[in-house]
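Model the full assembly from the supplied sequences, consistent with the hints where possible.
Each chain is listed here by its residues.
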Amino acid sequence: MSIDIATARKVAKLARIRVEEEDLPRLAGQLSDILGFMEQLNEVDVTGVEPMVSVTPMRLKRRADGVSDGNIQAQVLKNAPDAREGFFAVPKVVE
Amino acid sequence: MTNANELTIAEARDALRKGELSAVDLTMACLTAIDAGDALNAFVHKTPDIALDQARAADARLKGEAPGLCGIPLGIKDLFCTKGVPSQAASNILSGFKPEYESTVTSKLFEAGAVMLGKLNMDEFAMGSSNETSAYGNAVNPWKVDDRLLTPGGSSGGSAAAVAADLCLGATGTDTGGSIRQPAAFTGITGIKPTYGRVSRWGIVAFASSLDQAGPMTKSVRDAAIFLQAMAGHDPKDSTSADIPVPDFEAALTGDIRGKKIGIPREYRMDGMPAEIETLWARGQEMLRDAGAEIVDISLPHTKYALPAYYVIAPAEASSNLARYDGVRYGHRAKLAAGDGITDMYEKTRAEGFGPEVQRRIMVGTYVLSAGFYDAYYNRARKVRALIKRDFEEAFAAGVDAILTPATPSSAFGLGEMASADPVEMYLNDVFTVTVNLAGLPGVTVPVALDQKGLPMGLQLIGRPWDEAGLLNHAYVLERAAGFVSKPAKWW
Numbered sequence: 001m002s003i004d005i006a007t008a009r010k011v012a013k014l015a016r017i018r019v020e021e022e023d024l025p026r027l028a029g030q031l032s033d034i035l036g037f038m039e040q041l042n043e044v045d046v047t048g049v050e051p052m053v054s055v056t057p058m059r060l061k062r063r064a065d066g067v068s069d070g071n072i073q074a075q076v077l078k079n080a081p082d083a084r085e086g087f088f089a090v091p092k093v094v095e
Numbered sequence: 001m002t003n004a005n006e007l008t009i010a011e012a013r014d015a016l017r018k019g020e021l022s023a024v025d026l027t028m029a030c031l032t033a034i035d036a037g038d039a040l041n042a043f044v045h046k047t048p049d050i051a052l053d054q055a056r057a058a059d060a061r062l063k064g065e066a067p068g069l070c071g072i073p074l075g076i077k078d079l080f081c082t083k084g085v086p087s088q089a090a091s092n093i094l095s096g097f098k099p100e101y102e103s104t105v106t107s108k109l110f111e112a113g114a115v116m117l118g119k120l121n122m123d124e125f126a127m128g129s130s131n132e133t134s135a136y137g138n139a140v141n142p143w144k145v146d147d148r149l150l151t152p153g154g155s156s157g158g159s160a161a162a163v164a165a166d167l168c169l170g171a172t173g174t175d176t177g178g179s180i181r182q183p184a185a186f187t188g189i190t191g192i193k194p195t196y197g198r199v200s201r202w203g204i205v206a207f208a209s210s211l212d213q214a215g216p217m218t219k220s221v222r223d224a225a226i227f228l229q230a231m232a233g234h235d236p237k238d239s240t241s242a243d244i245p246v247p248d249f250e251a252a253l254t255g256d257i258r259g260k261k262i263g264i265p266r267e268y269r270m271d272g273m274p275a276e277i278e279t280l281w282a283r284g285q286e287m288l289r290d291a292g293a294e295i296v297d298i299s300l301p302h303t304k305y306a307l308p309a310y311y312v313i314a315p316a317e318a319s320s321n322l323a324r325y326d327g328v329r330y331g332h333r334a335k336l337a338a339g340d341g342i343t344d345m346y347e348k349t350r351a352e353g354f355g356p357e358v359q360r361r362i363m364v365g366t367y368v369l370s371a372g373f374y375d376a377y378y379n380r381a382r383k384v385r386a387l388i389k390r391d392f393e394e395a396f397a398a399g400v401d402a403i404l405t406p407a408t409p410s411s412a413f414g415l416g417e418m419a420s421a422d423p424v425e426m427y428l429n430d431v432f433t434v435t436v437n438l439a440g441l442p443g444v445t446v447p448v449a450l451d452q453k454g455l456p457m458g459l460q461l462i463g464r465p466w467d468e469a470g471l472l473n474h475a476y477v478l479e480r481a482a483g484f485v486s487k488p489a490k491w492w
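Going down the list, the protein sequences come from chains A and B.
Just so it is clear: in the first sequence, position 5 is 5 by the working numbering, and no numbers are missing.
Just so it is clear: in the second sequence, position 75 is 75 by the working numbering, and no numbers are missing.
Since the hints were made in silico from the structure, they are not lab data.
You may find that some hints are simply not true.
List of simulated lysine-lysine pairs, BS3-like, C-alpha gap at most 25 Å [unchecked claim]:
#1 B:261 <-> B:389
#2 B:98 <-> B:304
#3 B:144 <-> B:98
#4 B:453 <-> B:144
#5 A:10 <-> B:348
#6 B:237 <-> A:61
#7 A:92 <-> B:348
#8 B:389 <-> A:78
#9 B:348 <-> A:78
#10 A:78 <-> B:46
#11 B:237 <-> B:98
#12 A:78 <-> A:92
#13 A:61 <-> B:490
Listed below in C-alpha cells is the structure:
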C-alpha cells in the first residue's frame with residue numbers, strides 16, 4: 001500500500017498533528033515503508049481465527065457502583081496550561 | 001572494600017540488616033556516583049532530598065523487621081508517575097508535568113522501604129530501541145570499546161545505563177516490545193518482563209496497553225527476584241492486573257533444573273544471523289544441558305510475523321492512548337496566533353510536543369484504525385497475534401518448561417549510527433523480544449559473554465504464563481554457569 005500526499009495529509013489531520021505542506025512527501029514515503037513492512041501479514045492464513053481481545057483470558061472484576069474518589073478539583077487543575085475559575089480554559093469553540 | 005553503590009541489592013540488603021551499612025551511607029554513595037555520571041545522561045531528574053528522607057526512614061525501620069528492598073536506592077524510569085516529581089515520559093509534550101499521584105509500582109516500592117534517587121532517561125513515550133528519541137537527549141552506554149559512544153538500548157536506556165554504571169542498585173523499566181530486555185542485554189545486566197497482568201500499570205504513562213508491562217532491571221537474577229516481589233500483585237486500579245497469589249520468587253532460586261525441558265525455536269535462527277550470536281546461543285544450550293535440563297527443538301511457526309503484527313497493534317493502541325495529549329489538561333500548550341481555534345491548538349501543540357518517531361507511530365496507528373483499513377490491518381494483526389500466542393501454547397502443552405533464544409540481533413551499536421536508516425531497520429532490534437509481549441509471557445535476559453569487540457551479549461529465556469518463579473530459576477542457572485562478571489571500565 002503506497003501512501004500518497006493526500007492520504008498523508010488526511011492522516012495528519014485525523015491525528016491532530018500539524019504537518020507543514022513541504023514535509024508531507026517525506027512523511028508519505030515513511031508511512032509507505034512502514035505499511036509495506038506490514039504487508040507480510042497478508043501471507044498468513046487467518047481463516048477462522050478470532051482477533052485477540054485480551055492476551056490473558058480473564059473476566060474483568062466488578063465492583064459496587066459507588067463513588068470512590070472526588071473533591072480534588074484543585075489537584076485535577078494543577079497541571080493545566082490554562083485553568084480559570086475552576087475550569088480548563090481553551091480557545092473559543094462555538095462562534 | 002567496594003564502594004557501596006557497587007553492591008547488588010542482595011548484598012546491600014544483608015549488610016543493611018546486619019547493621020554493617022546504613023541506608024543513608026548507601027544512598028550517599030549512589031548520589032555521589034550519579035553526580036559523577038552526568039556524561040551518561042541516565043538520571044534526568046535527580047531527587048536527592050527525597051532519597052535522603054526515605055533513607056533516614058529506612059534506617060529507622062531497619063532496626064526491626066524490614067522487607068528486602070528497605071533502604072535500597074533505586075532509579076525510576078521517567079514513564080512512572082511520581083508525586084510532585086517531573087514525570088515526562090521523556091517527551092516535551094509533558095514538560096512541566098508533576099503528577100498529583102503516585103503510580104502503584106512506585107507506591108509499592110516506597111511501602112517496601114525503597115529509596116528513589118531520581119528519574120531515568122528513556123525513549124520518548126517508550127518508543128525506540130536506542131534511547132535516541134528522548135527529549136532529554138541520548139542516554140549513553142557505560143560500555144565503550146573505542147572512541148564511539150554506544151547506545152544503552154531502549155526504551156529503558158537510562159535505567160540500563162544507570163544500573164550497569166553502578167549509579168543505583170536497580171531500576172524500574174517497562175517493556176512493550178523488548179524495552180527492558182534489549183537494553184539489559186546491551187549493558188550486561190539482568191532484566192525481566194513479567195507476565196502481562198503481574199504488575200499493575202496504574203500510573204505508568206500508557207504506550208500500548210495490551211502489551212505494556214513493568215519490570216525490574218538489576219545486577220543479578222537474585223536481585224530481579226527480590227525487586228519483582230515488591231512490584232508484583234493485584235491492584236484494583238488496573239482492571240487487567242491479575243488477582244492471583246504472588247509466589248516467593250527468591251525462594252524459587254534453587255539452582256536445580258534437572259529434568260526440565262528447554263525449547264529451542266528453530267524460527268529464531270534468522271537469515272544472516274551473526275556467527276557470534278549463533279555460538280552464544282549454542283553455549284547457552286550447553287550450560288542448561290550440563291545443569292541437567294533436556295534440550296528440545298521446537299517450532300514457533302508464526303515468529304516471522306510478530307514484528308509486522310506488533311507494528312500494527314502497538315501504534316494503533318498508542319494513537320488512541322496519546323490522544324489525551326491535547327494541551328488542555330496538562331503539559332505543553334503551543335502559543336497560538338490571533339484567530340486560532342481549538343483544532344489549531346491541538347494540531348500545533350501536538351506537532352511541537354511530540355518528537356518525529358512518536359508522531360510517526362501515532363499517524364501509523366491512526367491510519368490502521370481508520371475506516372476502510374481497520375479490517376485489513378488492525379483486525380488481521382490481532383488474528384496473527386492469536387496465532388503467535390497459540391504457537392507458544394502448543395510448545396508449553398508439549399511439556400516445554402522454558403524457551404531459550406538470543407536476546408538481540410547484535411551487541412550495542414553506536415549512537416547516531418542508525419540515524420540515516422529507515423524506521424523499519426530500527427524496529428528489527430525487537431525481533432527476538434516482541435513475540436513475548438504479543439503472547440503476554442514472561443521473558444528475562446541474562447548477560448552471558450562479551451563479544452569479540454568486548455561488549456556484553458545476553459540470552460533470553462521465555463517462561464510459561466505466571467511462572468516467573470520457574471523462569472527466574474532457569475535464569476539463575478544460566479547466570480551461574482555463564483559466570484559473567486565483567487564491568488564497564490569507568491571513562492565517565
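Quiz item: Quick one, are residue 10 of chain A and residue 348 of chain B close enough, alpha carbons at most 25 Å?
Solution: holds, 16 Å
Quiz item: Is the hinted pair residue 348 of chain B and residue 78 of chain A satisfied, with a Cα-Cα distance of at most 25 Å?
Solution: holds, 22 Å
Quiz item: Does residue 144 of chain B pair with residue 98 of chain B here, judged by a C-alpha cut-off of 25 Å?
Solution: violated, 35 Å
Quiz item: Is it true that the CA of residue 237 of chain B sits at most 25 Å from the CA of residue 98 of chain B?
Solution: holds, 20 Å
Exercise. Below or equal to 25 Å on CA atoms is what counts here, so check residue 78 of chain A against residue 46 of chain B.
Key: holds, 22 Å
Self-check item: Given pair status - residue 348 of chain B, residue 92 of chain A, alpha carbons within 25 Å
Solution: holds, 16 Å
Quiz item: Holds or violated: residue 261 of chain B with residue 389 of chain B, Cα cutoff 25 Å?
Solution: Satisfied, since the Cα-Cα distance of roughly 19 Å is no more than 25 Å.
Quiz item: Does the alpha-carbon distance linking residue 98 of chain B and residue 304 of chain B stay inside the 25 Å limit?
Solution: Cα-Cα ~41 Å, so violated.
Quiz prompt | Given hint residue 92 of chain A paired with residue 78 of chain A - CA-CA distance at most 25 Å | solution = holds, 22 Å
Self-check item: Pair hint residue 61 of chain A and residue 490 of chain B, alpha-carbon separation not exceeding 25 Å
Solution: Not OK: residue 61 of chain A and residue 490 of chain B at ~50 Å, beyond 25 Å, violated.
Quiz prompt | Holds or violated: residue 237 of chain B to residue 61 of chain A, with C-alpha atoms at most 25 Å apart | solution = At roughly 11 Å apart (the allowed maximum being 25 Å), residue 61 of chain A and residue 237 of chain B satisfy the hint.
Quiz item: If you draw a straight line from the CA of residue 389 of chain B to the CA of residue 78 of chain A, is it 25 Å or shorter?
Solution: Roughly 43 Å separates the two Cα atoms, so the pair is violated.
This entry does not satisfy hints 2, 3, 8 and 13, going by the numbered hints stated previously.
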